[in-house]
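Every letter in the sequence shown is one number past the one before it in our numbering, and letter 43, counting from 1, is 647.
Because the hints were derived from the structure by calculation, they are not lab data.
Accuracy of the hints is not assured; some may be wrong.
[As the list claims (entries may be wrong)] Pair ranges (Cβ atoms, derived):
hint: 1; residue 1: PRO714; residue 2: ASP775; range: 17 to 25 Å
hint: 2; residue 1: ASN692; residue 2: LEU792; range: 31 to 39 Å
hint: 3; residue 1: ARG689; residue 2: GLU713; range: 35 to 43 Å
hint: 4; residue 1: GLY788; residue 2: ALA662; range: 40 to 48 Å
hint: 5; residue 1: GLY635; residue 2: THR712; range: 34 to 42 Å
hint: 6; residue 1: ALA767; residue 2: ASP731; range: 24 to 32 Å
hint: 7; residue 1: GLU670; residue 2: GLY722; range: 29 to 37 Å
hint: 8; residue 1: ASP790; residue 2: ALA637; range: 52 to 60 Å
hint: 9; residue 1: ALA662; residue 2: LEU792; range: 30 to 38 Å
hint: 10; residue 1: GLU647; residue 2: ASP741; range: 17 to 25 Å
hint: 11; residue 1: ILE768; residue 2: SER656; range: 17 to 25 Å
Ideal Cβ positions, reconstructed from N, Cα and C, are used throughout, including at glycine.
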Amino acid sequence: MKHIALILMMTATPALATPEYVLPTLFDVTGVAADDVLNVRAEPTAQAEILSTLQPGATRIEVVQEQDGWGRVNTGEGSGWVSMRYLNYRTDVWQDGRLPDGFRCYGTEPFWDARVSGGDLVIGMPDVPETRLPVSDILGSGYFRDPAKAVMAAGATLTATPAICSDGMSDQLFGLRADLAISGQDRLLSGCCTIQPAD
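Construct all of the structure, not just a fragment, from the sequences and the given hints.
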């Protein structure tokens, strides 16, 4: 009897599903006719104002937020919404020990930017020569396709954590909050990160 009860309990408990993706991540436009475009709208509804468009073959589009079947993307100096039914998820974005090619972070007060290039964490600030620090490791959370990352470099650590983030300079919204700690600095620098490849 105990065995039957245990089997019933096991079958009655739903399995925990692994999410297909965690935002932010990249998508390709799909299902849009060659002579048509995918509209980017001001609100997550088909009746909202059209802000811009994406071409039928557009690839590596960063989605930072999802709501009711719509995904928030950055366009120009702002952000808008596209229908997720026309976006195909890319499985090659978040991998252990690596960052997506378009990964870069920046902040204000003071202005700064950071990216990984050629095995170095490259940090830029106004009126200061670009600093290149060798990267010793790129750490993740250990969860499948989780965008949370820490870049460990000689004299600095850059962390990126999934959270809606504003750069304070535009109407764009980003999906990663950045914190940059540099040896010898008296404060933690904060900002946002994007994985959208530069044009």
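Structure-based check of each hint:
At about 22 Å, the CB distance of PRO714 to ASP775 agrees with the hint of 17 to 25 Å. For the pair ASN692 and LEU792, the supplied restraint of 31 to 39 Å holds, since their beta-carbon distance comes to about 37 Å. For ARG689 and GLU713, the hinted distance range of 35 to 43 Å is satisfied, since their beta carbons lie about 40 Å from each other. For the hinted restraint 40 to 48 Å between GLY788 and ALA662, the CB-CB distance of approximately 42 Å keeps it satisfied.
A hinted range of 34 to 42 Å for the beta carbons of GLY635 and THR712 is consistent with their spacing of about 38 Å. Between ALA767 and ASP731, the C-beta spacing of about 30 Å keeps the proposed range 24 to 32 Å intact. Against the hinted window of 29 to 37 Å, the Cβ-Cβ separation of GLU670 and GLY722 comes to about 34 Å, which satisfies the hint. For ASP790 paired with ALA637, a C-beta distance near 56 Å keeps the hint of 52 to 60 Å intact.
A C-beta distance of roughly 36 Å is found between ALA662 and LEU792, which places it inside the suggested range of 30 to 38 Å. Separation of GLU647 from ASP741 is about 41 Å and departs from the stated range, judged on CB atoms against 17 to 25 Å. A hinted range of 17 to 25 Å holds for the C-beta pair ILE768 and SER656, which are about 20 Å apart.
Violation of the numbered hints given earlier is confined to hint 10; every other hint is satisfied by the structure.
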